[in-house]
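Residue numbers (numbering that gives the first Met the number 0), protein chains in the order written: chain A, 0 to 239; chain B, 0 to 600; chain C, 0 to 288; chain D, 0 to 378.
To be clear, the hints were calculated from the coordinates, so they are not data collected in a lab. A quick note: this is a predicted structure, and the numbers were derived from the prediction, not measured. Cβ coordinates follow ideal geometry from the N, Cα and C atoms, glycine included. Please note that the accuracy of each hint is not assured.
Non-contacting residues of chain B with respect to chain A, defined by C-beta distances greater than 10 Å in every case (computed) [as the list claims (entries may be wrong)]:
1) 173
2) 395
3) 432
4) 466
5) 560
Only some residues are given here: those of chain B computed to face chain A with a beta carbon under 10 Å [said to hold, decoys possible]:
6) 290
7) 378
8) 380
9) 495
10) 518
11) 523
12) 525
13) 551
14) 584
15) 587
16) 590
The calculated label-pair distances, taken between Cβ atoms and stated as ranges, are [said to hold, decoys possible]:
17) 494(B) with 218(A): 36 to 42 Å
18) 533(B) with 171(A): 37 to 43 Å
19) 58(C) with 111(A): 40 to 46 Å
20) 150(B) with 363(D): 38 to 44 Å
21) 151(C) with 354(B): 34 to 40 Å
22) 151(C) with 200(D): 26 to 32 Å
23) 529(B) with 161(C): 53 to 59 Å
24) 151(C) with 192(D): 51 to 57 Å
25) 362(B) with 274(C): 31 to 37 Å
26) 459(B) with 126(D): 18 to 24 Å
27) 218(A) with 527(B): 19 to 25 Å
28) 150(B) with 274(C): 48 to 54 Å
29) 151(C) with 111(A): 25 to 31 Å
30) 161(C) with 400(B): 37 to 43 Å
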Amino acid sequence: MTNGAGAGLTVRGLSVSYGRVRAVRDVSFRVPAGGSLGIVGANGAGKSSTLKAIFRQVEASAEAIEFGGADLRSTPPHRVIDLGIGYVPEGRRVFPGLTVRKNLLMGAYRRRWRSVGDGLARVHDLFPALARFDSALAGGLSGGQQQMLAIGRALMSDPRLLVLDEPSMGLAPVLIAEIARTLQVLRRQGMGILLVEQNAKLTFTLTDRCVVLENGEVVREGASEELRDDPDVRRIYLGI
Amino acid sequence: MIRVGLGKPALLAVLFALPVFLDLYKAHVAVLIMLYAIVAIGLCLVMGLGGQVNLAQAAFFGTGAYASAILTATYGWNPWLAAPAAILAACAVALVVGLPALRVQSHYLGIVSLGLAVAFASVLTNATLTGGASGITRIPPLPAPGIDLTDEYNYYYLVLVVLAGVTALALFVSGTTLGRRLRAMRDDSLAAAAVGIEIPQYRLMAFVLAGLLGGVAGVLYAHLVRYVSPDTFGLGVMFLLLAMVIIGGRDSVWGVLVAAALLVAARDLLIGLQTYQQLVYGALMVGTVVFAPRGLAGVASAVRRRLPFPWPSVPVPLPWRRSAEPGPAPPAPSPRRPPQAGGPAIAVAGVSKRFRGVLALDGVSLEVAAGEIHGIIGPNGSGKTTLFNVVSGIYQPSGGRVLLHGRDVTGRRAHELSRAGVARTFQNLRLFHRLTVLENVLVALDRDPAYAHARYLLGPWSVLRRERRDRARALALLRDLGLDGAADELAVNLPYGLQRRLEIARALAAEPSVVLLDEPAAGLTAGEQDALAEVIRRIRGAGATVLVIEHNMALVMGVCERITVLAHGRVIAAGRPAEVAHDANVVEAYLGSETAREEAV
Amino acid sequence: MIGLAQTIVGGLSMGAVYALVAMGFAIVYRTIGLVNFAHADVVMIGAYVTVTFYLTARLPFGVSLALAVGLTAVMGLAMERVLRPLEGRDLDLMLIGTIGFGIVLESVAILVWGSFGTAVPTPIPNVPLHVGGVIVTTYQLLVVAVSAVVMVVLFLFLDRTRLGTAMQAAAMDRVAATAMGVDVGAANALAFAIGSAIAAVAGALVGPLLYVSPGMGASIGIKGFAAAILGGFGSIPGAIVGGLIFGLIEAFSSGPLSAYADLITFVVFALAMMVRQTGIFGERTGDRA
Amino acid sequence: MRRFEWTAALAAAAMVLLAGCGGQLAGGGGGTSSAPIVVDLIGTFSGQNADLGSWAWNGVKLAIDGANAKGGVNGRKITLQKYDDQGQPTVGTDLAQRAISDRATMVYGSDLSTVSLAMIPTLTSAKIPQITSGQAPAILAQGSSFIFLDSTTSAVFDQTLADYLVQKQHITSIAMVSNNDAYGKGEHDSFLAELTKLAVTPTVDKVVTPDQKDFTSVLTEVRATNPKALFIGAEEVETGLIAKQARSLGITATFTGGAPMGTPTYLQTAGADVAEGTIMTSPYLDNDANAKTRAFAAAYRKAYGQDPELHGAKAYDGMNVFIAAMRKAQPDLGGQRLVDAVRAIEYDGLLGHFKYDERGLGLHATQIGTIKAGKVTPI
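Next up, chain A with everything else stripped away, as it sits in the complex (with noise of 0.2 Å):
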């Protein structure tokens, strides 16, 4: 099954269980290459496992799981990154006792040296603060600016495919609009996004189609616009 489609990331009946407790069931969805998906469903809802169940972190069953022709299955978890998958991990994950600068360059540890210097040119113009906090300990960050870093490490690895997982926890509302700001910026550049949120309206915003997850199942998927307006997200999100 190698036709165009091939370029963007496939996931088939992807199933996550943790010994007897099954968090995905039988999940599949589709980012068309330079597309956007959102994935959104409360909390408890199998967004973050089927994230996890793509980079290899916990086991997990599927038909298929390809991007850009490779399978993702036979993928040991330190090469997922060489396919061009950048991953910006829930809770940001930044590392605390290395310096900004430092924590980019872990973001292109894989690329060959030469092409460091532009893609922190790149960081640095997409988030400003970057530049300004370069030697300070990415410990010491607030949550907004530890966001902005490991969205800043993702892109240093000149990724097809950006992967969020609920970038907007913890962060005030208008950290979360500038972030929605970089986002549109990156789709304008082509880039792919895969974004995870339990802010379901958020994401209607920045994704042209959404997955809503409930209990591990697709419960809905359809254009985000549809979506936006659908009584039904409501009751899957408060249960009345």
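For this one, chain A is given, so just place chains B, C and D on it according to the hints.
Here is chains B, C and D on its own, set in the frame of chain A:
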């Protein structure tokens, strides 16, 4: 009435008949085996049961031996007078080595205790009182009317009797409330505090028990060999004791006995090849830790489970074992009536909690009426669990006040709040995994304070009586929650849903007036969620007040009478479920705000 | 006053050795989270290998040290393979598993080199220099100098090189480092090799100061381990400061009451741990309940 | 519950049982039958002082092989069993029990005074004669009639040494460093007693422990008094370490002490340059002192491929005294008869003339030697 395998009486018979076959030297080695076994059982109690990494056990053994040597050989005391003093000295040293355990644990405690053991050995080598490097000679034998205790064989029987007593004591402790609390503390000291166990007292008690046994063996050693020198209590012996406990199976008294016999006998057989003997038990330690972490005891129980061999066994009436006959079922522990009706069961006024600059709770206030089921919801990172930890005493608030039934309990510790009637479950299931289902409930059900263990000395039979009564009440509670089928199963082996229910059973066992449930529905199937709702209603029906944190909106909206919504550490809404679900702030907190849309276009 | 200075000099030279041992502990702990009690015996093996090249094969000390460091590093890689099942297990098992492994190393050393042990002449003429009334021997200076060089090289490797930064990242957050493409398994093995290599240097340096014997690991190991914890377990600067402080405590406590040096040293250490569980540079894992 | 463990415990007990029976059969008889005479050698074969064990074994075996070649003790061969006490007194007491159950005719052991002291009560109560290469006066003070020294005691050593230093060399500024095990204490007390008799007080008198390795703080105090001579009371390796560290701290005093300083181990540990000029007292200074020592040295070199030294010679003499006593007391070699025979005979050995008194001392004189160009030479 339980069925006792033929093994126990057969082994005792063999041990009594053994000396007849042994020549003088073998008898001497057999006595050494038993002495090391007594010290190793002490280490088994403090490390296997209590979970304290104590690498100074050899120093307690040495204190017992040197104290009796100094008192008898240097100061001429009568050995029977010197013995209790020496044992007391060993307990005192154990207490001192135990003090750091109140502040540091695991490998930190390991290195601190090892350092103190090295210091002890160097004091023995240097002090003139202890006879410097050549030690103390001419220690008098134990005088006994009519029995010549300088004779190896008589001494063998003396030590055998003491060993039998020590083993009985160890089994008695590990099978009853003191041992259960030690093991609970070992499995999860945070959860143990939450069910009312005073952690500091129990850590020191574990060390004193180890000191007691070390002292007893030390006294017997001094009067057997009648010579003590520093090298007997150095690092070599410490690692031998450690090997016995690890290879034997850390919390199994029998495993330690078997390992002691095997290791010392091996040391004697390989006497000529000193280096190979050291290589053998070093390799045994690594192999055990990597391949059989539960040691011989673990292997034995695994083999027994796989090989249902019909061991010959004989019925023996034993009062306190689980009685088969259905006696009059005592009532399941019912939640205590709150002291006075009317006032709110829980009142939180302006509570805030700061973690290194991050404000997890910012002026939270809420009231929960007595007998109410109150839900707390909010997106991730909103401070829900932090609030629970403040109300249950795990965290002390940075500001504001917490009232329980009108009484101010701000800043009180977890075990104090547990005694005051607060019981809780944990978000990520903190069961005592190496205790059985029944024992998990028993630990919470037993409300006695630490000093009640004086009963072990004053009235052991009363301990058995209370044990029987508590077991019956625990069984009744398990039957109520449909868990009695798995009573003797280790908590770790239960399916996830049953583990969740066991945690609730453990909370109820403490007859709480207030029950805090932290995400009880996480990972449950739809059927299990309905059963949970029913259990929550039954808890409230029995008179307790219930506070629930939950993400599963269906459950929260169905069960809770009132709800408080938290976001970014602040209360953004409160009221009946229907009102709250339609509140604009709540919708925005969950679904996100519209504002992002205008700017994004 | 002279006595005070003399004690400090003595303390610093032994302190430098304890710092090296502590650094070995710290590197292995921070990357793999393994409390490697056998590290003390790696120091002993390093000392013996150096002595074998230096005395038996008559190679110059510098060459012997280099060969010993290389060989012990390779042994470190093999050890990491053997102890890998212990990584991340509960700490009691890890502690006892590595103690058992230490005993195995000790008995192997006895089988290979005999239990007798050997005195080692100082590689350079050990001339006592009078510096303002205080005696400093040339070998003591060599010990402190070589330790300082090792500390600087290690710091530069961790701080300036790509691989060093990746190792630090792996130590701070295994999942994030893997996502950035760091092979954490290989990084841990390398950390073990570096830890063992530093242990070999410590062993080689302490040989002439004291006496090379299969049992030498125990006392140096315990003090090196305690120094690492005093400085803040897992922190390299902490290990260096902890080692020097430990050397000084030992030197001062063996002044007037030399008989009770160990007692004073370890009681001071126990009190320090009770006051500040995480040591000077703080590693936040102390027990909170 | 855990029934399987019972069976494992049963198996363990059975194993000890079998080992027991095994022990039962192997025991030799001390009595008058033609069964071989059992001699147990308990020595230090591992740890820092492991040399002492092998030297004692070489000397004793050489004497026994010589006797067996000439028909043993009127037809009864002597068998020698080797046990390693690891230099630890506790292991010594266990091995003493072993010798009793072996029904040994005599015990040669141990090399360290501390270990020998620990074994005396057990062996004496079992009436098994014991000869030790320990020199501590405390051994003789035990008041046992079953203990014998194979050379002389620290008292004799140190009287000879102190007289030589003070009266012949006119050295009166002497510092003392000794360890606190039985041997070290014996050397310290004897040497100090002799100095006080000669109205000399040591410039400084420091005590260290047997397994100590770092002597900087103690030697710093010694250096402050700038002594002419430094008396060291410790075993071979420790003496060597103290000497080496003393020189590295700038102490120029002449090293002096007892028998340990006459051994190759001291020379190798301290280094030939540090040991140069050491003055020591020892009853056996070099191999070509007389015809008897040359013959012994040749036999020793043929058997073991290395030159003998004091400890090998002591063991050879001690065993030969007992062989002579056995020939006199046979056929009944019971403990009491054997010790009476040892006290009855006189024996001219490598170390000098042996005549045992009630307390167990046989040799009453020693010589003074010094180290020149790495070689022990009598003065």
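Cross-check of the supplied hints:
Every beta carbon of chain A lies more than 10 Å from that of residue 173(B), the smallest distance being close to 29 Å; the non-interface claim holds. The beta carbon of residue 395(B) sits about 23 Å from the closest Cβ of chain A, which is more than 10 Å, so the claim that it is off the interface holds. The beta carbon of residue 432(B) is kept farther than 10 Å from every beta carbon of chain A, the shortest such distance being approximately 13 Å. Remark: the non-interface label on residue 466(B) is consistent with the geometry, its nearest Cβ contact in chain A lying 33 Å away (cut-off 10 Å).
Non-interface status of residue 560(B) relative to chain A is upheld: no Cβ of that chain comes within 10 Å, the nearest being about 15 Å off. At about 23 Å, the closest approach between the beta carbon of residue 290(B) and any beta carbon in chain A exceeds 10 Å, and the interface hint on this residue is violated. For residue 378(B), the shortest C-beta to C-beta distance to chain A is roughly 6 Å, which falls under 10 Å, so the interface hint holds. Of the supplied interface hints, the one on residue 380(B) holds, with its beta-carbon coming within about 5 Å of a beta-carbon of chain A, less than 10 Å.
Restraint check, residue 495(B) versus chain A: the minimum CB separation of about 5 Å is within 10 Å; hint holds. The restraint placing residue 518(B) at the interface with chain A holds, with a minimum CB-CB distance near 8 Å, inside the 10 Å limit. A hinted interface residue such as residue 523(B) counts as satisfied when its beta carbon comes closer than 10 Å to some beta carbon of chain A; here the least separation is about 9 Å, so the hint holds. Because the beta carbon of residue 525(B) sits about 9 Å from the nearest beta carbon in chain A, less than 10 Å, this interface hint is met.
For residue 551(B), the suggested interface contact is upheld, since its CB lies about 8 Å from the closest CB of chain A, less than 10 Å. Of the supplied interface hints, the one on residue 584(B) is violated, with its beta-carbon coming no nearer than about 12 Å to a beta-carbon of chain A, more than 10 Å. With a cut of 10 Å, the hint placing residue 587(B) at the interface with chain A holds, because the nearest CB-to-CB distance is about 8 Å. Because the beta carbon of residue 590(B) sits about 5 Å from the nearest beta carbon in chain A, less than 10 Å, this interface hint is met.
Take residue 494(B) and residue 218(A): their Cβ atoms lie about 26 Å apart, and the range 36 to 42 Å is violated. With their beta carbons about 41 Å apart, residue 533(B) and residue 171(A) fall inside the hinted range of 37 to 43 Å. Between residue 58(C) and residue 111(A) the CB atoms are about 41 Å apart, so this pair conforms to the stated range of 40 to 46 Å. One distance hint, 38 to 44 Å for the beta-carbon pair residue 150(B) and residue 363(D), holds here, with the actual separation near 40 Å.
At about 37 Å, the CB distance of residue 151(C) to residue 354(B) agrees with the hint of 34 to 40 Å. For residue 151(C) and residue 200(D), the Cβ-Cβ distance of about 51 Å falls outside the hinted range of 26 to 32 Å, so the restraint is violated. The hinted window of 53 to 59 Å between residue 529(B) and residue 161(C) holds, with their beta carbons roughly 56 Å apart. Taking 51 to 57 Å as the suggested C-beta distance range, the pair residue 151(C) and residue 192(D) conforms, at roughly 56 Å.
Hint check: residue 362(B) to residue 274(C), Cβ distance near 34 Å, so the stated range 31 to 37 Å holds. A hinted range of 18 to 24 Å is violated for the C-beta pair residue 459(B) and residue 126(D), which are about 48 Å apart. Roughly 20 Å separates the CB atoms of residue 218(A) and residue 527(B), a value that falls within the hinted 19 to 25 Å. The hinted range of 48 to 54 Å is satisfied by residue 150(B) and residue 274(C), whose Cβ atoms lie roughly 53 Å apart.
Under the hint 25 to 31 Å, the C-beta atoms of residue 151(C) and residue 111(A), about 29 Å apart, fit the expected range. Judged by the Cβ atoms, the range 37 to 43 Å given for residue 161(C) and residue 400(B) is violated: they are separated by roughly 54 Å.
Checked against the numbered hints given earlier, this structure breaks hints 6, 14, 17, 22, 26, 30; the rest are met.
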